[in-house]
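**Student:** Given next are the chains, with one letter for each unit.
Protein chains: 2
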Amino acid sequence: MKKADVVIVGGNVAGPVAGITVRRHYKDASILLIRKEKRVMVVCGIPYIFGTVGSPDKNIIPDALLSNNGIDFIVDEASSVDRAAKTLTTSGGETVGYEKLILAIGSLPLRPPIPGIELENVFLVWKDADYLAGMQQVLGKAKEIVVIGGGFIGAEMADECKKIGDVNVTMVEILPHCLLLAVDEEFCILAENKLAERGIKIITNNGVRAILGDGKVNSVELQDGEKLKADAVIVGIGAVPNTELAKKMDLKIGEQRGIWVDEYMRTSDEHIFACGDCAEKFSFFTKKPSGLRLASIATIEARIAGANVFELKRKNIGVIGVFSTAFGDFALSTSGLTEKAAREAGFDISIGEAQAPDKHPASMPNAKDLKIKLIFDKKTAKLIGGEISGGVTTGEMANIIAAAIQNEMTADQVTTFQMGTHPALTSSPIIYPIVNAAEQALFKLR
Amino acid sequence: MKKADVVIVGGNVAGPVAGITVRRHYKDASILLIRKEKRVMVVCGIPYIFGTVGSPDKNIIPDALLSNNGIDFIVDEASSVDRAAKTLTTSGGETVGYEKLILAIGSLPLRPPIPGIELENVFLVWKDADYLAGMQQVLGKAKEIVVIGGGFIGAEMADECKKIGDVNVTMVEILPHCLLLAVDEEFCILAENKLAERGIKIITNNGVRAILGDGKVNSVELQDGEKLKADAVIVGIGAVPNTELAKKMDLKIGEQRGIWVDEYMRTSDEHIFACGDCAEKFSFFTKKPSGLRLASIATIEARIAGANVFELKRKNIGVIGVFSTAFGDFALSTSGLTEKAAREAGFDISIGEAQAPDKHPASMPNAKDLKIKLIFDKKTAKLIGGEISGGVTTGEMANIIAAAIQNEMTADQVTTFQMGTHPALTSSPIIYPIVNAAEQALFKLR
Numbered sequence: 533m534k535k536a537d538v539v540i541v542g543g544n545v546a547g548p549v550a551g552i553t554v555r556r557h558y559k560d561a562s563i564l565l566i567r568k569e570k571r572v573m574v575v576c577g578i579p580y581i582f583g584t585v586g587s588p589d590k591n592i593i594p595d596a597l598l599s600n601n602g603i604d605f606i607v608d609e610a611s612s613v614d615r616a617a618k619t620l621t622t623s624g625g626e627t628v629g630y631e632k633l634i635l636a637i638g639s640l641p642l643r644p645p646i647p648g649i650e651l652e653n654v655f656l657v658w659k660d661a662d663y664l665a666g667m668q669q670v671l672g673k674a675k676e677i678v679v680i681g682g683g684f685i686g687a688e689m690a691d692e693c694k695k696i697g698d699v700n701v702t703m704v705e706i707l708p709h710c711l712l713l714a715v716d717e718e719f720c721i722l723a724e725n726k727l728a729e730r731g732i733k734i735i736t737n738n739g740v741r742a743i744l745g746d747g748k749v750n751s752v753e754l755q756d757g758e759k760l761k762a763d764a765v766i767v768g769i770g771a772v773p774n775t776e777l778a779k780k781m782d783l784k785i786g787e788q789r790g791i792w793v794d795e796y797m798r799t800s801d802e803h804i805f806a807c808g809d810c811a812e813k814f815s816f817f818t819k820k821p822s823g824l825r826l827a828s829i830a831t832i833e834a835r836i837a838g839a840n841v842f843e844l845k846r847k848n849i850g851v852i853g854v855f856s857t858a859f860g861d862f863a864l865s866t867s868g869l870t871e872k873a874a875r876e877a878g879f880d881i882s883i884g885e886a887q888a889p890d891k892h893p894a895s896m897p898n899a900k901d902l903k904i905k906l907i908f909d910k911k912t913a914k915l916i917g918g919e920i921s922g923g924v925t926t927g928e929m930a931n932i933i934a935a936a937i938q939n940e941m942t943a944d945q946v947t948t949f950q951m952g953t954h955p956a957l958t959s960s961p962i963i964y965p966i967v968n969a970a971e972q973a974l975f976k977l978r
Numbered sequence: 533m534k535k536a537d538v539v540i541v542g543g544n545v546a547g548p549v550a551g552i553t554v555r556r557h558y559k560d561a562s563i564l565l566i567r568k569e570k571r572v573m574v575v576c577g578i579p580y581i582f583g584t585v586g587s588p589d590k591n592i593i594p595d596a597l598l599s600n601n602g603i604d605f606i607v608d609e610a611s612s613v614d615r616a617a618k619t620l621t622t623s624g625g626e627t628v629g630y631e632k633l634i635l636a637i638g639s640l641p642l643r644p645p646i647p648g649i650e651l652e653n654v655f656l657v658w659k660d661a662d663y664l665a666g667m668q669q670v671l672g673k674a675k676e677i678v679v680i681g682g683g684f685i686g687a688e689m690a691d692e693c694k695k696i697g698d699v700n701v702t703m704v705e706i707l708p709h710c711l712l713l714a715v716d717e718e719f720c721i722l723a724e725n726k727l728a729e730r731g732i733k734i735i736t737n738n739g740v741r742a743i744l745g746d747g748k749v750n751s752v753e754l755q756d757g758e759k760l761k762a763d764a765v766i767v768g769i770g771a772v773p774n775t776e777l778a779k780k781m782d783l784k785i786g787e788q789r790g791i792w793v794d795e796y797m798r799t800s801d802e803h804i805f806a807c808g809d810c811a812e813k814f815s816f817f818t819k820k821p822s823g824l825r826l827a828s829i830a831t832i833e834a835r836i837a838g839a840n841v842f843e844l845k846r847k848n849i850g851v852i853g854v855f856s857t858a859f860g861d862f863a864l865s866t867s868g869l870t871e872k873a874a875r876e877a878g879f880d881i882s883i884g885e886a887q888a889p890d891k892h893p894a895s896m897p898n899a900k901d902l903k904i905k906l907i908f909d910k911k912t913a914k915l916i917g918g919e920i921s922g923g924v925t926t927g928e929m930a931n932i933i934a935a936a937i938q939n940e941m942t943a944d945q946v947t948t949f950q951m952g953t954h955p956a957l958t959s960s961p962i963i964y965p966i967v968n969a970a971e972q973a974l975f976k977l978r
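Respectively, the protein sequence lines represent chains A and B. When the count follows this note's numbering, it moves up by one through the first sequence with no breaks and lands on 978 for the last residue. When the count follows this note's numbering, it moves up by one through the second sequence with no breaks and lands on 978 for the last residue.
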């Protein structure tokens, strides 16, 4: 029987990072990672396979990431765990003993109960290179692509499909706006305008009643009766934690359907940790269960779980939720709570807004307009959220806001934040928009 | 006699920001700004006039910034202040009464005692549109330009001059490397290689003995005897606080030759504040006087001074020092202490280094390599400095590091920093280099 001090199940984002973290903190531990994928996709890169990057082969996490860190791995599927014996059995028939087990088994694309979803050329977004290569072949020949779901994944898939060439791409969203669960309405509208400008047809306030076809899909019928021609359909409406193994193991499951974990990332079995999409999360702001699932969160949880396997070193402070998307030279980011989410969570809030070119003077080449909205908790004056649209620096600006949120900076502290600036790289210090939005919010706090 | 509740002297960076801040905090105050420039330059944009932007006219801070905020202004020079009478007299003969006075009179380019510095076509970098327009005319015709000083300003001037066209540009630096006061040696070398690749000739370890010519400059003689042909010479070796008026007023002057101020930005006269390049600064890290002078620091000090004029609301925590430069698609930033500065200040330090592409997967178009070095104080485990080279996101990444420094984050906290990531905008979360560098440093702390 194989044995390892730490056995990790899952080869995607959280698994390797947990392994690397174990190695850093416990240099003599033997680490074995079990994953079902022969080749591992860069998950966030998946939409870009279809246009920008061009192939699943160019979107692979190299196995050297494991071997360079002294992590053994086998390609197989964990099928059961005997918690009393501390052994794991794979569908390949192997039994592996563990001292500590880390579950990093990710999520599964949500499969809505739409009639016709089983038709050929209807795709969920699976994180599997061969599946995606097949999907790419079909999309490459399609003239009419319908994307169901207007969240970040749906919008990115739609934008990338449009790059394939002579193809009509329609995105269908059941809510009044695309991206509405991620950003406030005014930012949704900016993104929708940009997508429309790039040739994506957007239908909102309308769900899908059925996917139609004869073996292969040929159209999509909407709730209002409209029919859209479709050679291919992509369903991107979200993901659910992969908890099948955990349920078989009788581990506790959380309210948001993830594997329950404590603040040290321990499951209900203290020798078993969980991290990433499969693990239950809680909000940094409300401490209540959160449905957010992001690759970045997976890495943070993996850095907590990995450090804690033999000695509790790190605590999870709950998810802030920082994420971005980009369509061409337009980018959109969000950190923490939106106005809508903050109000729904019961916060009394103060909002500051600012705009500025992302270079200075504005006559610098390729300057883009930044639009920023910051949300502060009136009771404590602390920053609890921020949204930005702009150019390529938007993603790292969201991380400045994230750092301010994580450190519980108040509006006054953000106003005197010591940022650096440069004509070719940032807004002018005179109108640096994070600072200006904070000062604006400050006066509404009183 | 004119009277205003708040009189501000200086129209450049700190002056307008102080005025806007006064307006935000004291909405009924009358504010009068006195400046000597008809048109105000975007100071950090000055090097870009000569190449990228093309003209001083495209590098102007619009006066609407003042009028939109209810700030009156006159173009005139403050020549004396009667502190007892609380009046200011201008060289135009006007007398103005004030309740509170803010000095934001900036700095002057350092004029080294080099023989021949008075020759025609030898330029200091004055923040004056007409002067710069004249300078541009000369540079436009030059075939041989010598830049004295290889700091940020010198390097940016050299790079922009090279864009003018068929011209040889040589930069002379007395230290062993360019930018050595700003970043550690390995980053200096990256920048030097980039500048050399862009056609700049760099001479280091060599000072200027004399500037030669007959009325007009024709050559520069170096300390080792080498002579460089020169139709034009730019001297960019730094700046000194403009304290002439303050000295006449008998205000206290600090060790670093700036107008002394307390942590509320009050001078030795409690009705008079100073901010920006003219004001004395102290280090966030050592609390000792600091010679750093940056536009971004000027705006922060102006936001403190402006808020404090009628009621002490904000404290200065000392300068962190966050700044960036860029040559083409290469950018370089620094936040806080370099390794060298930290050791000189007596810190026992732990260093973490990391590299990663600034997009993910690395096959995304225009991905650039990020190189990051973080410096932690061993005693407290707190982050005290960071340097980055990379592409256009480098400047805002330096601001993430600045936020971490300002909030006194430890290596462990930076390792679990909740950043957001996106293929087109940032590194992969798996190898996000700020986080990875922090975790590397963590193990050297023990």
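Treat the hints as calculated values from the structure; they're not laboratory data. As the structure is a computational prediction, the values presented were derived from the model and not from experiment. Do not rely on the hints blindly, as some may be mistaken.
No copy labels: a pair is met if it fits in one copy or bridges any two.
Below, in silico cross-link-like pairs of lysine to any residue (SDA-like), each with a Cα-Cα straight-line distance of 20 Å or less [claimed, not checked]: (1) Lys976 with Glu843; (2) Lys761 with Gly786; (3) Lys559 with Phe842; (4) Lys847 with Thr942; (5) Lys847 with Asp901; (6) Lys673 with Asn737; (7) Lys780 with Asp589; (8) Lys535 with Leu844; (9) Lys659 with Ile649.
**Student:** Report the numbers of all earlier hints that the structure fails to satisfy, in ascending order.
**Tutor:** 2, 5, 6, 7, 8
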